[in-house]
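Next come the chains, spelled out residue by residue.
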Amino acid sequence: SQQGEEDPQALSIQEGENATMNCSYKTSINNLQWYRQNSGRGLVHLILIRSNEREKHSGRLRVTLDTSKKSSSLLITASRAADTASYFCATDAGGNNRLAFGKGNQVVVIP
Amino acid sequence: DTAVSQTPKYLVTQMGNDKSIKCEQNLGHDTMYWYKQDSKKFLKIMFSYNNKELIINETVPNRFSPKSPDKAHLNLHINSLELGDSAVYFCASSRGGGISEAFFGQGTRLTVV
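Chains as they are written, first to last, in our numbering: chain S, 502 to 612; chain B, 19 to 131.
Errors might be hidden in some of the hints.
In silico lysine-lysine, DSSO-like type, Cα no more than 27 Å apart, as pairs [claimed, not checked]:
#1 S:K527 with B:K59
#2 B:K62 with B:K27
#3 S:K570 with B:K37
#4 B:K27 with B:K58
#5 B:K62 with S:K571
#6 B:K54 with B:K85
#7 B:K40 with S:K604
#8 B:K37 with B:K58
#9 B:K85 with S:K570
#10 B:K70 with S:K527
#11 B:K85 with S:K527
#12 B:K58 with B:K70
#13 B:K58 with B:K89
#14 B:K27 with S:K570
#15 S:K527 with B:K40
#16 S:K570 with S:K557
Per label pair, the in silico range of CB-to-CB distance [as the list claims (entries may be wrong)]:
#17 B:T31 with S:L576: 26 to 36 Å
#18 B:S23 with S:V609: 38 to 48 Å
#19 B:N35 with S:N523: 22 to 32 Å
Honestly, the hints are just simulated from the structure, not real lab data.
The beta-carbon is built from N, C-alpha and C at its ideal position, and this holds for glycine as well.
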């Protein structure tokens, strides 16, 4: 099955700084999604970007998608302590009702 | 109202036992999933159901059997539990499979001792 694969990073930043994480995938997709998981909780959908879109914004989030490089990035601007979480990208590659997740990036925002 | 609820939240059991995890969604979604999250937080899809029909059955031991009595419920039964089954299991639902956002339950932390 295909799945997004984030760069294996753990980010530790100061409150107010920006956080950027990347995701790569292997085959064609219809869309790519980003999710957040707070410690001990389920995943929460953040944003969905379709394959024909290059950039999308939602509040302090900015997602880019480069289908030629099969990669996406998630930027969180002006980070807050509450942004401390793991962030996952997910793709529908492989079809058949499949939503495949990558390994996730741990982000720690220091107050 | 909780959109996707699964019970129990914690489950500690001995090897060899049989246990079930229940999941219900009140979103009217057609698709439901079970995911397993290991200690490294990697999320692996186990099963996907669409309108009570099994769509995806990944390489999961036969000891795992999903059951969908109706569109709003997808339960997971595990026979003969093994130490390696210890993980967090997430139920999720979505409107249209991988093409739309998924809503997740809070997870069931299963510990096999």
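- Violated hints, by number in ascending order, as checked against the structure: 3, 9, 10, 11, 12, 13, 14, 15, 17, 18, 19
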